[in-house]
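**Student:** These protein sequence lines map, in sequence, to chains R and L.
First residue of the first sequence? That's 1 in this note's numbering, and the numbers climb one at a time after it.
First residue of the second sequence? That's 1001 in this note's numbering, and the numbers climb one at a time after it.
It is worth saying that the hints were derived from the structure and are not from the lab.
Any given hint might turn out to be false.
To be verified - Simulated coverage check for chain R against chain L, where a stretch passes if three residues somewhere in it have a Cβ under 8 angstroms from a Cβ of chain L:
#1 93-104
#2 177-191
#3 228-234
#4 380-394
As the list claims (entries may be wrong) - List time: in silico BS3-like cross-link candidates among lysine-lysine, alpha-carbon distance up to 25 angstroms:
#5 Lys-129(R) x Lys-1055(L)
#6 Lys-55(R) x Lys-1024(L)
#7 Lys-1349(L) x Lys-1332(L)
#8 Lys-103(R) x Lys-1123(L)
#9 Lys-28(R) x Lys-1129(L)
#10 Lys-110(R) x Lys-1103(L)
#11 Lys-1225(L) x Lys-1123(L)
#12 Lys-86(R) x Lys-123(R)
#13 Lys-1129(L) x Lys-55(R)
#14 Lys-86(R) x Lys-1110(L)
#15 Lys-123(R) x Lys-1103(L)
#16 Lys-1055(L) x Lys-24(R)
#17 Lys-55(R) x Lys-1086(L)
#18 Lys-1028(L) x Lys-1110(L)
#19 Lys-103(R) x Lys-1103(L)
#20 Lys-55(R) x Lys-110(R)
#21 Lys-110(R) x Lys-221(R)
Unchecked claim - Which chain L residues face chain R? A few, computed with CB under 8 angstroms, are given here:
#22 Leu-1050
#23 Leu-1053
#24 Ile-1057
#25 Ser-1058
#26 Ile-1069
#27 Gln-1075
#28 Val-1076
#29 Val-1078
#30 Leu-1080
#31 Leu-1083
#32 Ala-1084
#33 Gly-1089
#34 Pro-1141
#35 Gly-1143
Ideal Cβ placement from N, Cα and C applies to all residues, glycine included.
There are 2 protein chains.
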Amino acid sequence: MALIVHKYGGTSMGSVERIKNVAKRVAKWHKAGHRMVVVPSAMSGETNRLLGLAKEISAHPDPRELDMIAATGEQVSVGLLALALKAEGLDAVSYAGWQVAVKTDSAFTKARISEIDSERVLKDLDEGKVVVITGFQGVDPNGHITTLGRGGSDTSAVAMAAALGADECLIYTDVDGVYTTDPRVVDDARRLDKITFEEMLEMASLGSKVLQIRSVEFAGKYQVKTRVLSSLTDPLCPLEQEMRSGTLITFEEDDTMEKAVISGIAFQRDEGKITVRGVPDRPGIAYQILGPIADANIDVDMIIQNQSVEGKTDFTFTVGRGEYQRAMEILKTSVQAHVGAAEIVGDPKVSKVSVVGVGMRSHVGIASTAFRTLAEEGINIQMISTSEIKISVLIDEKYMELAVRALHKAFELDQA
Amino acid sequence: MALIVHKYGGTSMGSVERIKNVAKRVAKWHKAGHRMVVVPSAMSGETNRLLGLAKEISAHPDPRELDMIAATGEQVSVGLLALALKAEGLDAVSYAGWQVAVKTDSAFTKARISEIDSERVLKDLDEGKVVVITGFQGVDPNGHITTLGRGGSDTSAVAMAAALGADECLIYTDVDGVYTTDPRVVDDARRLDKITFEEMLEMASLGSKVLQIRSVEFAGKYQVKTRVLSSLTDPLCPLEQEMRSGTLITFEEDDTMEKAVISGIAFQRDEGKITVRGVPDRPGIAYQILGPIADANIDVDMIIQNQSVEGKTDFTFTVGRGEYQRAMEILKTSVQAHVGAAEIVGDPKVSKVSVVGVGMRSHVGIASTAFRTLAEEGINIQMISTSEIKISVLIDEKYMELAVRALHKAFELDQA
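Construct the entire structure; sequences and hints are all you get.
**Tutor:** Structural data, given as structure tokens:
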């Protein structure tokens, strides 16, 4: 008898019919003898509807009040799912984050979980109840409702699994697992049976938006066996089959993994590249350039600083395309003169393509294979950034699909 | 500088535009130097939408989960209103019932408030904040969310005013006060400037559905000066004018009131009358008849037991018309044989008309005036029930409007 956490996304909770299907699936697991905790998202469209109302009232809504408003979407979901579970003949009870309690810091709209009380939930499980808990939200030390930011329900589910010492956390979503790359770009992209949490981390942060990145961090940190699988299968399909479907995110590299050098090709299409040219190469210059960008709440992705020539250096970084214009303005108005830069240049139409795999650690020549593949396709590499388990290149947006397909083939990811 | 509680109904909160108007009105009061607490209802239609979802999932939804779901409507409202108040330049903060805390018993969907902590709210008020608190809901001793039942936001507002020692509780609604009777029935029905809470209690319970009856009980018990007034006036109308508008529910009978013998004519159109005939007149018979009705959660209104003849008596009571059929079935299947009644007869098409006024206490002849008026119109009285400040008669439904108009005129309610 295992303790299992299920997480269902907004699409899976998108209608009364679908909620009933979720209940059927959970009931199947419960009847097989498992202790079940379920974390559902808000019904699809609901969070947008609520935030839309807030935006209509205020162009810059107060984050605390936004959380108060947005948190209701998940509260409705847990209540409805508990009702559906009861209709399936199970004993079920729903909790909002503050009732459990899921404790967070006070960073409204992007709070981080600090601690989860498990006592109440474990007691309910001991009594044979299915416990349904709101994702996406918690309560801060002052008793204010907080939310974890978009996709936060994944994090809630994994954190809950960690707090409860669950045997596995199953993330049900509208894709059936993690692929070697986006199947919309490469026809023969293949579903991975397993992936390490580190690889998943790179895949997630690089745009394979199957799981919220913080949920993967949690899975790694607390060694939570997490599985991504489809909510679109027949809810009454055999349990044994369902238990082996999807992609398992593991925290240990086993033998199987050694064989696969590369797990996948991730990409981020909508990037913008900005270069601050001819800045004096002195301590603190990176902070002087990126500080104002961070203050404006703009996420910076790749950062490269060239070797300096005659005491001057070029400083290049990328941002999401939607923030490109704003970042350029900040640099031109508040940074250029201050740091004594020669000029600010940029390109709003670049994409990042990354080769990801823990196998890289023990295999040489991955980088050169990647670079040769791109060269053979005539694709110019604008920036390179590497980590232990990934190589990312920045290229002209128009070559993105071509690069992904070529790399997918070069690393034989189409072959099981 | 007074402490004022405002309550706004679902219609007043029905759209972004209306919520902004509420904020403008509250801002006007705040700028005049008052300490403001606001209790808004869910946006109109929202509670029905939520309960509709629940009903789609389960024909007999669990009340605890219903409360979990329904309570979100008000939570959205407080967040939106706090945003709108901030947009007006005020410092505002919203709270759900459990955050205040509004403590209730555990009777889900019809909980009663047991205690309200005022510390947190008073602290915010001291800091110059406008405090926005969810109506309709609270938290039980086990930390479960409860709701107070339909119209419960009125009760929340009055209870909050009592807990805070507020100077006045203003209930903004889509009517501009309490009338001598329903203006849809009697053209020259007149708005009352004042009414005692006891009269209001009779008016409310008799179908003048301006205020939830429990809110009036609270107002009486804790002597909260409560005013019912329109939310449809210009939100920026002069404060002095607004402070004198609507109907004030007072807890003391002042001189003005002595003059008005009767305050109004209330009525309840949809009643059903049931008579259990020929039951042995022995102790416990009323309980044996009404016990099973109460167990079925059917509210009984008027109850009359006739003088017994030869040890047998007739027992008559009224129920809401919607419950008439069910009540008849219960009596025929579970009660008739058990109590040895001769027969069960009924009439599902009766209405109750009531003459209400504290002046009745010190004036004689009110009943005879009422009975004479009805007789002159040829209206047969089927049942009579009286209290210190009201006389109710049950009549054929088809005469209801005629009876109300005739009594309204007979007691000169059309004259200021």
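**Student:** All hints are to be evaluated individually against the structure, with a verdict given for each.
**Tutor:** Hint check results:
For the segment 93-104 of chain R, the stated coverage by chain L holds: 5 residues have a C-beta nearer than 8 angstroms to a C-beta of that chain, and at least 3 were required. For the segment 177-191 of chain R, the proposed coverage by chain L is not satisfied: 0 residues have a C-beta within less than 8 angstroms of a C-beta in that chain, short of the threshold of three. Given as covered by chain L, the segment 228-234 of chain R fails the check, having 0 residues with a CB less than 8 angstroms from a CB of that chain where 3 are the minimum. Coverage of the segment 380-394 of chain R by chain L is violated in this model, with 0 residues showing a Cβ closer than 8 angstroms to a Cβ of that chain against a need of three.
The suggested pairing of Lys-129(R) with Lys-1055(L) holds, with an alpha-carbon distance near 22 angstroms, which does not exceed 25 angstroms. Proximity of Lys-55(R) to Lys-1024(L) is assessed by CA-CA distance (about 18 angstroms); at most 25 angstroms being required, the pair is judged to hold. With a C-alpha separation of about 19 angstroms, the suggested pair Lys-1349(L) and Lys-1332(L) falls inside the 25 angstroms cut-off, and the hint holds. At most 25 angstroms may separate the alpha-carbon atoms for a hinted pair to count; Lys-103(R) and Lys-1123(L) meet this at roughly 24 angstroms.
Pair hint Lys-28(R) plus Lys-1129(L) does not hold up; C-alpha atoms about 51 angstroms apart against a cutoff of 25 angstroms. About 30 angstroms separates the Cα atoms of Lys-110(R) and Lys-1103(L), which puts this hinted pair outside 25 angstroms; it is violated. Straight-line distance between C-alpha atoms of Lys-1225(L) and Lys-1123(L) comes to about 23 angstroms, which keeps the hinted pair within the 25 angstroms bound. Restraint check for Lys-86(R) and Lys-123(R): the C-alpha separation of about 18 angstroms stays at or below 25 angstroms, so the hint holds.
In summary, the hint linking Lys-1129(L) to Lys-55(R) is supported, as the alpha carbons are separated by about 22 angstroms, within the 25 angstroms threshold. Distance restraint check for Lys-86(R) and Lys-1110(L): the Cα-Cα separation of roughly 21 angstroms lies within the 25 angstroms cut-off, and the hinted pair is therefore satisfied. The hinted pair formed by Lys-123(R) and Lys-1103(L) meets the criterion: a straight-line CA distance of about 24 angstroms does not exceed 25 angstroms. Taking the CA atoms of Lys-1055(L) and Lys-24(R), the gap is near 18 angstroms; set against the 25 angstroms cutoff, the hint holds.
For the hint pairing Lys-55(R) with Lys-1086(L), the CA-to-CA distance comes to about 13 angstroms; that is within 25 angstroms, so the pair holds. Annotation: proposed proximity of Lys-1028(L) to Lys-1110(L) is violated, straight-line Cα distance about 34 angstroms (limit 25 angstroms). Under the criterion of a C-alpha separation no larger than 25 angstroms, the hint pairing Lys-103(R) with Lys-1103(L) is consistent with the structure, at around 22 angstroms. The straight-line distance between the Cα atoms of Lys-55(R) and Lys-110(R) is roughly 18 angstroms, inside the 25 angstroms bound, and the hint therefore holds.
Simply put, Lys-110(R) and Lys-221(R) have alpha-carbon atoms about 19 angstroms apart, close enough for the 25 angstroms limit, and the pair holds. Interface restraint check: Leu-1050(L) against chain R, minimum CB-CB distance 6 angstroms, threshold 8 angstroms, status holds. Because the closest C-beta pair between Leu-1053(L) and chain R is about 6 angstroms apart, less than 8 angstroms, the hint holds. Hint status for Ile-1057(L): holds, given a least beta-carbon distance of 5 angstroms to chain R, under 8 angstroms.
A least Cβ separation of about 4 angstroms between Ser-1058(L) and chain R falls short of the 8 angstroms threshold, and the interface hint therefore holds. Residue-level restraint check for Ile-1069(L) holds (minimum Cβ-Cβ distance to chain R is 4 angstroms; threshold 8 angstroms). With a cut of 8 angstroms, the hint placing Gln-1075(L) at the interface with chain R holds, because the nearest CB-to-CB distance is about 5 angstroms. Because the closest C-beta pair between Val-1076(L) and chain R is about 5 angstroms apart, less than 8 angstroms, the hint holds.
With 8 angstroms as the threshold, the beta carbon of Val-1078(L) comes within range of chain R, its nearest partner Cβ sitting at about 7 angstroms, so the hint holds. Restraint check, Leu-1080(L) versus chain R: the minimum CB separation of about 6 angstroms is within 8 angstroms; hint holds. Taken as an interface hint, Leu-1083(L) checks out: its beta carbon lies about 5 angstroms from the nearest beta carbon of chain R, inside 8 angstroms. Contact between Ala-1084(L) and chain R, as hinted, is supported at the beta carbon level, the nearest pair being about 5 angstroms apart and thus within 8 angstroms.
Proximity of Gly-1089(L) to chain R is violated relative to the hint, the smallest CB-CB distance being about 12 angstroms (cut-off 8 angstroms). The criterion of a C-beta within 8 angstroms of any C-beta in chain R is not met by Pro-1141(L), whose closest approach is roughly 13 angstroms, and the hint is violated. A hinted interface residue such as Gly-1143(L) counts as satisfied when its beta carbon comes closer than 8 angstroms to some beta carbon of chain R; here the least separation is about 6 angstroms, so the hint holds.
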